[in-house]
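Chemist: So the protein sequences, as listed, match chains A and B.
Counting in our numbering, the first sequence runs from 1 upward without gaps.
Counting in our numbering, the second sequence runs from 1001 upward without gaps.
Calculated from the structure, these hints are not laboratory results.
Incorrect hints may have been included.
Said to hold, decoys possible - With beta-carbon atoms standing in for the labels, derived distance ranges:
hint : chain 1 : residue 1 : chain 2 : residue 2 : range
1    : B       : GLY1189   : A       : HIS36     : 56 to 66 Å
2    : B       : GLN1283   : A       : ARG29     : 42 to 52 Å
3    : B       : GLY1189   : A       : LEU23     : 16 to 26 Å
Glycine is no exception: its CB is placed at the ideal position from the N, C-alpha and C atoms.
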Amino acid sequence: MTSQQSERNVVAPATQPRSAWPLFEVFLRSKRGLNHVHVGSLHAADPEMALRHARDLYTRRNEGVSIWVVRAADITASSPDEKDPFFAPAGDKVYRHPTFYQIPDSVPHM
Amino acid sequence: MGFDTAYEAITEENDASRWAYGTGFADPMAGVDTSVPAGIDGADLAAYCLMLGDDALVMSHRLQQWLARAPELEEETALANIALDLLGQARLLLSRAGAADGTGRTEDDYAFLRGEREFRNVRLAEVADADFAGLIARLLVFSTWRLALLARLARSADPVLAAVAARGVKELTYHRDYAAQWLIMLGDGTDYSRERAVAALSAVAPLVPELFERTAVEGRLVAARVAVDPAQLRDEVAAVIARVLTEATLDWPAAEGLAGVSGQSGGDGVHTEAMGFLLAELQSVARATPGATW
């Protein structure tokens, strides 16, 4: 914003993104949901700031009652290359589903 | 039982089931008696509502001026949220003023069709910010002061003021937290951010004494248990700011209060030079096309 600040920006290598803040992934639990659901991502300097940013970006319309944030770099994800060895073997094992039971009405959240 | 029905089983009673998250919005004025209680002077109550409403309206406008200028997109949304909270408070308070003084003027009449001398906000709300640190220091003082005020106002003899204040407390708690976190980050950050934070405190300090001065209207309404005595807020505000400054490794600068004109300041309608420019922007559309709607 100030000329002093923009001079500092010039010193940074041109390949660097403008924001040096790390990326965080945001998970929200809505008041009608049981579990936290991934809703998006944001930039923040630390987890505390990420929590506040998540509040401001993702709960403006009364969406949530609980927020988790986690540094995107801390998530270990399966690779698309491993898709078949990881998931295809489960595709034909119908006996793994409890489809032969009647689930009582008094047992929710199945 | 499928995945969807499992979720339905735990749904609260809510008609808005077509919304992904439900709505659940609450009207802060629901069930509140809006007639002016017996024994309260309507003109005084209206003047007090204008003081509180103008503080929120003018501070909100200054915050809105940061949109598209904020250092990060995430901060911009945060500032917009705070501005909207304050604008919501201003709308209720200005509407209350129109009901209390019997003129029936609307919130828009007050916001867009008054001159500078008719605005009753403190001068802290109207000054422009030199930079982001300047905004943060000003927001910290403003929200700390207003939170202390609204927390007491929630017990006002006027049910509308009490309801507006009760809702505002939750909003202001977040505003204060936001500003405090940032001032700590700036003060205890780099040499450069610290330099900016120190300059910001110096700029805001002269505007603080006015917050604790009592106008004649407030004096009469304090006696009627409608208004809060601003002098009572001084200790709480000072204690909160001191805690934040300790964390931020900053010191509160010694500064004389900004002088008024013949002892008059914001609450009397006597403002700084910045106010005229602010109102010119705030009111330009309403003045150029009177009565326009869209």
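Chemist: Give a verdict on every hint.
Modeler: Here's how the hints hold up against the structure:
The beta-carbon spacing between B/GLY1189 and A/HIS36, approximately 31 Å, falls outside the hinted interval of 56 to 66 Å. For the hinted restraint 42 to 52 Å between B/GLN1283 and A/ARG29, the CB-CB distance of approximately 43 Å keeps it satisfied. Separated by about 21 Å at the C-beta atoms, B/GLY1189 and A/LEU23 satisfy the suggested range of 16 to 26 Å.
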